[in-house]
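S.K.: Here is how the chains run, residue by residue.
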Amino acid sequence: MFYREAGQFRTSYAQDSQIFPLRQDRVGIIIMLIAAVMLPFVANSYWLSAILIPWLVLSLVALGQNILMGYAGQLSLGSAGFMAVGAFACYNLILRIDGIPFVVAVALSGVCAALVGIVFGLPSLRIRGLYLAVATLASQFFIVWALDKFGWFKNYDPAGVITAQPIVMFGHNFATPREKYWVVLAIVAVLALLAKNMARGSIGRGWMAVRDMDVAAEVMGFSLLRTKLQAFAISSFYCGVGGALFAFAYLQTVEPSAFGIDLSFRILFMVIIGGLGTIMGSFLGAGFILLMPIFLNIFFHTVFGKSVDATITSALEQVIFGVMIIMFLIFEPLGLARLWQLTKERLRLWPFKH
Amino acid sequence: MLIDKMLRRIVPAISAATFIAIAAASTTAMAQEAQEQYFGIPSSRVGPYSAMGTGYYGGIIDYLNYVNMKGGVNGVKLTYDECETEYNAARTVECYQRLLNKGDQKMVVFDTLGTPGAYAVIGRMAQDHVVLAQYGYGRTDAADGRVWPWVFNAAGHYWGQIAVKMNYIAQKEGGVDKMKGKTIVHLHIDTAYGREPIPAMRQIAKEWDFKLIEIAVPPPGLEQQSQWLQIRREKADWVTFWGAGSGMNSTAITTAARVGFPREKMFYVTFGGAEEDMIPAGDAAKGTYVAANAAPGRDYPLIADILKVVYGAGKGNMQNPERVGTVYYNRGVGAAAMWIEALKNAQKIHNKVGKTVNGDEFRDGYEALDITDEKLKEIGILGMSAPFKMSCAKHDGSERFKMMQWDGKKFQILTDWVPAPDPAFIRKLIEDSAAKYAAENNITPRKCS
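In order, the protein sequence lines correspond to chains Y and P.
Read in order, the letters of the first sequence correspond to residues 5 to 358 in my numbering.
Read in order, the letters of the second sequence correspond to residues 409 to 857 in my numbering.
This is chain Y alone, in the form it adopts within the complex (with noise of 0.2 angstroms):
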């Protein structure tokens, strides 16, 4: 009823290509920033700092996973070690480069992890699919071995973790969970904006002739050596920045095998499970795959408290979220972001059906 297009109408091509048509949508963007710009104010520091921080950062990577898995078709096992770049290179830059501004630390370090992902990237040229997949694997083990192994990215810390500096910027120290949840929310939100727009626009259409048929897109023109690298050097500057982010707003105290095989795959099943190829499915992954294990834990001790065995619920947890996993598989294989796009539709229609 109040979700429908009946009465707008496009007269330029300008509004014709907008990122969001609907009138509604454009509202409802426009709420949903100022709520999430003014949450803080409502939401306790666990919130900030436990859940909100963390999940915004893994949206972003996320985002830069499903940049080249969903949109450019190449299947990538390496998010986790771009991530550890985008951390190692954070630090090393604010450590050697007296009152650098965070944002151009975070900036540089998504670069760093850029040019490592395109010589990574360069067996995408020759290999495709799942054999892709076993290949850039290689790039999570040895980024890992390499930061383990020459002390210098660590400045030779004899336990081989880093500590990550305050976040500064103009003079500012951001310290509390709620000056780190801004930081963190503003590049989010601007490279989630440029996300969109790079996949609507004719780099995104690129990336997906390349991902539909790469023969027939060369054919066409695209150069498959640029668009397969461009892909994986976008994709990995968003690892990297959200690692960089991972590491300075959410654990503070890091070291190189936080950034495990694990996480690359945590990963993927977020990009999986969101929906590959939308913007909209990278959050609503993350949001499932991270919270998910989470609320089900604090379900299980409010309502059982003491009275069950706390290793049968915490197993019990892991089942109930892997049923979830193959449930949602299986009755949506688009992923949430599909079932989103569907309640949309749905909304238009709403209540009459004819």
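Be aware that a few hints might be false.
Claimed, not checked - No farther apart than 25 angstroms at their CA atoms in a straight line, the calculated lysine-lysine pairs in the BS3-like style are these:
# : chain 1 : residue 1 : chain 2 : residue 2
1 : Y       : K310      : P       : K614
2 : P       : K716      : Y       : K310
3 : P       : K844      : Y       : K310
4 : Y       : K310      : P       : K723
5 : Y       : K153      : P       : K614
6 : Y       : K310      : P       : K478
7 : P       : K619      : Y       : K153
None of these hints come from the bench; they were simulated from the model.
Being a predicted model, the structure only gives us computed values, none of them experimental.
Go by the hints and put chain P onto chain Y.
M.R.: Structure of chain P alone, referenced to chain Y:
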């Protein structure tokens, strides 16, 4: 109409009465709440490290319940909330934030049972005023209380442990001068935890002039064939093994058996040397050495009493009561006993006997821990944990360990508490490392004395 009138009179009376009753109940509830001390328990009960997590946190919870059943700490009842970390650093941070506040109470102590988790939260302790009670694991240079006022390690850290092991190996070989030219392999899981003893070990190797070979096993470490073949090739005299999780720990034994490396030359770390790590390897495990900061056994009066009081009442936390008295369980009881001793100290120092204490007061109590043999006897764990004394600058335990050997069924305790050969040497390493950390992170070490 009469009924109507009556109702009109009765209803306000009833509602007033219920209101008063509820108000009274809630004030008594509040009065009781004022005498509770809340603990956050970040347990890890699933995944590859579950044997460790269930035993350790089971021991802690059983001890808290035991203290409650004995009347609490000077009347203060202990409450706790649990949170599942899956031994994952990111989840540990989530649990830390979740457990931090409960109602109007704040957590006073946090124990991650794992170096990755400890590293993930260690930077938050000072600003949140929570004690990080590492019990035999974690960041070693935090033993310098001037740089790390909020971090403690009551059960001995990894540098102390490796020094003690070297000392014991030297004894077995017939003296430090016999160590010259020997080859010792440090086989470790490739994480910060696995690398933690290396700085101390390198120094000892230089001093004693033996050859140290460091071999890393990528986590989860279920495949170690090539590493053990390398150990064979290097003709190692001893292997110090730094693994995590019963899968990795038992795999090391079975692989060693397959390549023919004698188990009597393998030395396991405290966090890899428990019944759950030995039993899966079967007969192959026979002869393996383990260092212990909490000796296993059910004969200690406290463990026997927990069995009687807590398990007798059917309130035990261990799914399998047979595991009471194992290495991990006893270590958990030892850790919780230190919390409670610290709580007693805090109540005494700050004149709050019978009252709830806050993080600052608890920290003072933990720092004032002076665990003598008499104290251990009073708690009922004489012989299970080593005596020690904390101070403003010294935030570590006794740095003494018992040596045990697996006989195929259980651990035989071979020695009393073995000290490090040169504690001043390890202390210097700690202070150097802590000073480096302080300089890098603009921390001004506080003044002690």
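S.K.: With reference to the structure, classify each hint as holding or not holding.
M.R.: Verification of the supplied hints:
Straight-line distance between C-alpha atoms of K310 (chain Y) and K614 (chain P) comes to about 52 angstroms, which puts the hinted pair past the 25 angstroms bound. Between the alpha carbons of K716 (chain P) and K310 (chain Y) the distance comes to roughly 21 angstroms, so the proposed pair stays at or under 25 angstroms and holds. The suggested pairing of K844 (chain P) with K310 (chain Y) is violated, with an alpha-carbon distance near 44 angstroms, which exceeds 25 angstroms. Annotation: proposed proximity of K310 (chain Y) to K723 (chain P) holds, straight-line Cα distance about 10 angstroms (limit 25 angstroms).
Restraint check: the Cα-Cα separation between K153 (chain Y) and K614 (chain P) comes to about 21 angstroms, which is no more than 25 angstroms; the hinted pair holds. A C-alpha spacing of about 19 angstroms is found between K310 (chain Y) and K478 (chain P), which places the hinted pair at or below 25 angstroms, so the restraint holds. Our distance criterion of 25 angstroms between C-alpha atoms is met by K619 (chain P) and K153 (chain Y), whose separation comes to about 20 angstroms.
In this structure, the hints that do not hold are numbers 1, 3, in rising order.
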